[in-house]
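Based on the sequences and whatever the hints tell you, model everything.
full-length UniProt numbering applies: residue 1 is where the sequence shown begins, and numbers increase by one.
It is worth saying that the hints were derived from the structure and are not from the lab. There's no promise every hint is true.
Stated by the list, open to error - Restricting the straight-line Cα-Cα distance to at most 27 Å, the calculated cross-link-like pairs of lysine-lysine (DSSO-like) are: (1) K23 <-> K70; (2) K51 <-> K24; (3) K43 <-> K111; (4) K35 <-> K24; (5) K51 <-> K70; (6) K46 <-> K66; (7) K66 <-> K43; (8) K58 <-> K23; (9) K111 <-> K33; (10) K23 <-> K51; (11) K33 <-> K52; (12) K35 <-> K58; (13) K70 <-> K110; (14) K66 <-> K110; (15) K33 <-> K66; (16) K46 <-> K58; (17) K33 <-> K70; (18) K33 <-> K110; (19) K66 <-> K35; (20) K24 <-> K43; (21) K111 <-> K35; (22) K58 <-> K24; (23) K110 <-> K52; (24) K58 <-> K110; (25) K51 <-> K66; (26) K23 <-> K43; (27) K43 <-> K70; (28) K70 <-> K24; (29) K43 <-> K33; (30) K110 <-> K46; (31) K24 <-> K66.
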Amino acid sequence: MKSLVCVVIGDESVFGVDIEDRKKVWQLKEMIKEKNLYSFAAKDLKLYVAKKGDNWLKSSDPTQIKDIMKQNGEMDGSYRMLNTAFGFPDEDDAEDGDIHVLVDIPEYIKKSLRILRYNQQDVSQDLPMDSGLSPASAWDWLATFFSSPRKASPSKKDV
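Laid out in structure tokens, this is it:
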């Protein structure tokens, strides 16, 4: 059994996956897809061994990601987890802070995440940090925030 720590490139989320030694990379992709509730196909994930030389990427050192991706190349979907080329530690041998797999999501998903973060950043600049509002007044404040600043004028038919 391998206990792998994975990091998603683009959103930097970290999660663990326990997988049997005899399972293959394509099965790991399926597990990652299910665990993260991705709506795209598992085959669209690109996985990379997060190792430079004999050293695993540390969670405190994300700057080496591009070098590792170039150096190691994408993991072949037909290989098993126990393949010595991967060098994944057994469940009991994994050390704290080590990252074993880099998960690269499709570019269109990364772009959507960037847009979402940008939009959230714009909205959060307009929101008060601690408004002290009651739930009812907070609702009123939100309603004014999302409503149009222009008032509707009566048409000639209404007069």
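With the threshold set at 27 Å, check whether the alpha-carbon distance from K35 to K24 stays at or below it.
Cα-Cα ~17 Å, so holds.
Is the hinted pair K66 and K43 satisfied, with a Cα-Cα distance of at most 27 Å?
holds (21 Å)
Holds or violated: are the alpha carbons of K70 and K110 at most 27 Å from each other?
Measuring from Cα to Cα gives roughly 19 Å; hence the hint holds.
Is the Cα-Cα distance between K58 and K24 27 Å or less?
Holds, at about 24 Å.
Take the C-alpha atoms of K33 and K66, compute the straight-line distance between them, and say whether it is at most 27 Å.
Given pair K33, K66 holds - Cα atoms ~22 Å apart, limit 27 Å.
Next pair to validate is K33 with K52; report whether the Cα-Cα distance is within 27 Å.
holds (25 Å)
Holds or violated: K43 and K33, Cα atoms, limit 27 Å.
holds (9 Å)
Pairwise hint evaluation, K35 against K111, where the allowed Cα distance is 27 Å at most:
Between K111 and K35 the Cα gap is close to 21 Å, so the pair holds against 27 Å.
For the pair supplied as a hint, K43 and K111, is the alpha-carbon distance within the 27 Å limit?
Holds - the C-alpha atoms of K111 and K43 are around 19 Å apart, at most 27 Å.
Is the Cα-Cα distance between K23 and K51 27 Å or less?
Measuring from Cα to Cα gives roughly 20 Å; hence the hint holds.
Given the proposed pairing of K66 with K35, does the C-alpha separation stay at or below 27 Å?
With a Cα-Cα distance of about 24 Å, the restraint between K66 and K35 holds, given a limit of 27 Å.
Restraint status (C-alpha distance of K33 to K70 at most 27 Å):
holds (23 Å)
Violation of the numbered hints given earlier is absent; every hint is satisfied by the structure.
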